[in-house]
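Sequences listed follow chains A and B, in order.
The first sequence begins at 1 in my numbering and counts up by one.
The second sequence begins at 1001 in my numbering and counts up by one.
The hints are simulated quantities; they were obtained by calculation from the structure and are not laboratory data.
All figures in this text were calculated on a predicted structure; none of them were measured in a lab.
Beta carbons are placed, not taken as given, at the ideal position from N, Cα and C, and that holds for glycine.
Among the hints, a few may not be true.
Some chain A residues well away from chain B (every beta-carbon gap over 12 Å; in silico) [stated by the list, open to error]:
1) Met1
2) Pro43
3) Lys52
4) Leu59
5) Asp85
6) Gly114
7) Ile167
8) Tyr171
9) Val180
10) Ala211
11) Lys228
12) Asn271
Within a straight-line C-alpha distance of at most 25 Å, the following computed BS3-like cross-link-like pairs (lysine-lysine) qualify [as the list claims (entries may be wrong)]:
13) B/Lys1097 x B/Lys1110
14) A/Lys125 x B/Lys1032
15) B/Lys1108 x B/Lys1077
16) A/Lys3 x A/Lys228
17) A/Lys125 x B/Lys1246
18) B/Lys1077 x B/Lys1110
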Amino acid sequence: MTKFIIRRFIGLIPTLFIIITISFFIVRIAPGGPFDKEKRLPPEILKNIEKKYHLDESLVKQYGRYLLDMARGDLGPSFAYPDHDVNFFIFHSLPKSILLGTMALGLSVILGIGTGMISALRQNKWQDYTAMSIAVFGITVPNFVVGPVLMYFLALKLGWLPTSGWITGRYGWSTIIMPVITLTLPYFAYMARLSRASILEVLRSDYIRTARAKGLGESVIMFKHVLKGALLPVVSYLGPAFAGIITGSVVVERIFRIPGLGQFFVQAAFNRDYTLLMGTVIVYSVILIIMNFIVDIIYGYLDPRISYS
Amino acid sequence: METKLKEPTVNELNQPLKGVSLWKDAWRRLKKNKLAIYGLVIVIIYAVLSLSASILPIYSYKRQVIEHQYLPPSITKTAGELLLEREESMMLAMARKMGRDQLNDQEKDKLEALRKKVETEAKEIGGKTVKVHERRYIFGTDPLGRDILARIIYGGQVSIAIGLIGTFTSVLIGIFMGALAGYLGGKTDYIITRIIDVMYGLPYMMLVIIMMALFGRNILNLFFALAIVSWLTVARVVRGQIISLKNSEFVEAARSVGASNFRIIFRHLVPNTLGIIVVFTTLRIPSFIMMESFLSFLGLGVQAPFASWGSLVSEGVEGMNLFPWRLFFPAIAMVIFLFSMNFLGDGLRDALDPQSKNKL
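All chains, full assembly: derive it from the sequences and hints.
Right under this line is the structure:
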């Protein structure tokens, strides 16, 4: 098992390398640069700026320099906001996005599996129908509709929650409720449907009948026998779910004006701020890759049929 | 039980045996699924509306009538009446602030002038002189005085077109790559599956955002960027199907009469996976529309004066406290379509692939 983990971990490095390379060249071959503003700079000044940021060198050389800097943990200076470097922005915005993302993922897993369990046990009763209607709603309605609508009713009309802000601000933790709901809803819905389907399938299997015949209690059957087998599809959905949550957080941060990584990412894309853009993409990819890695390990742990060789 | 008597008994041996094609069978099953049929009907209505947008009696989606900005939705009242009402209530509010209960003569004159203007003023739109203030905006107007109904219908045209064309492109790429990988096997298979694996690991919406921001925000780039990242799942599904089919007798037979690989793949194997592909395509269209709207919401998709549902929702979020109709009507129009599309897709899946295990 340890060997498997180590090998998988080493296998992550080429993936990361590919991501960095692809995004570096996509960003660089695009027409236009970070200093093409409406107000044209005199060519001498432009030359000086480009020299300062090494933009006058060949692309291959810049790529090598970027890789070397990155190996030292330096993501370079920001082009659009010269007062700070990229590490500063990431350091200040990443914790917000991580808190939001983990809360959304955790809630959607717990609530999703719980709801799936209830629907499967009460199949074709009102509990099942209600849960599955909510799930259909969650899957269908996009989060940039859910967010503003929630904000309109809960914040603007009823005044129960603040429209925007962050937990460190005046309103504390109540600011995070709507963003988390918006971000959780679709993944909660998928998890609920997925776990319902797989629990139903496992419930029909022979080994559950055997467990019942042995006279085991319902809760023991459910938590020790059913869940372990039924969770496999849910676990393998965790990877894509996390990718979706990362993308969704870009929109949610925009709607609720949270100064997280997503905001900087979109801003950087608009400003053609090469280094900040690359920095955010790399951070997102690292999170995603690590998440997929963890999912793989959990999967291997849950399903002994997976071979480690 | 009465209905049973009317149907011919199927299991009797004296019945002539009639073959039922996959599609007929699927249609029979689909018809039983009410939600799917409602979905189908609504999807058809949307399609007809957006196809005939240019001949429908709606106003132009880009013609601005500045005086008509932010008019609330109303079926019974014309734009002129709404304008007058708004002016009057504003004047009354002002008067109250100054401690009067009624309007003074000067203000009444102003109102009267406005009324005259509303009744008589005509503008030239599209070569015809129209009394603009007699327009009715059943979904209200936006800050530039454009009709929201027209913008929703034209936005739907763009959104649905992107959903359809984008899905078709990505499905075609997916079929091609998946069939190639599945049938040829060996090195080709290895390379294609590796590409798919690596791309699955990428935060691909991020790449789409980057491409849209850097390469310019036009519809062509949007197609390209979305299609390039969304063929992966189709390719996987088709590859699996082809691998399970490629050793069957009919392929053997085709090969023995000397059919080329290309012919075997595209004449014999791909048609056999068509059921799953159709299901996948219908389920894929809403997610494509959602992706496009997601980009438009961030300001990276369709650009003005064109609209898509995403850009309309995004515009509606600004100032939704005072002008909620700008958010709600596009959002509702979009959500209804997505719902119908999903129900139709689910129904098709149950109809074409009754034992399907991948319930997502």
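Tested hints:
1. Met1: holds, 22 Å
2. Pro43: holds, 23 Å
3. Lys52: Fine: 22 Å to the nearest Cβ keeps A/Lys52 off the interface.
4. Leu59: Non-interface label on A/Leu59 holds, nearest chain B Cβ at 15 Å vs cutoff 12 Å.
5. Asp85: Check passes; 20 Å lies beyond 12 Å.
6. Gly114: holds, 19 Å
7. Ile167: At about 23 Å from chain B, A/Ile167 clears the 12 Å cut-off, so the statement holds.
8. Tyr171: holds, 18 Å
9. Val180: Holds, since 19 Å exceeds 12 Å.
10. Ala211: holds, 23 Å
11. Lys228: holds, 19 Å
12. Asn271: violated, 9 Å
13. B/Lys1097 x B/Lys1110: Roughly 19 Å separates the two Cα atoms, so the pair holds.
14. A/Lys125 x B/Lys1032: Given pair A/Lys125, B/Lys1032 holds - Cα atoms ~21 Å apart, limit 25 Å.
15. B/Lys1108 x B/Lys1077: Holds - the C-alpha atoms of B/Lys1077 and B/Lys1108 are around 21 Å apart, at most 25 Å.
16. A/Lys3 x A/Lys228: holds, 24 Å
17. A/Lys125 x B/Lys1246: violated, 43 Å
18. B/Lys1077 x B/Lys1110: holds, 21 Å
Consistency note: the structure conflicts with the earlier hints numbered 12 and 17.
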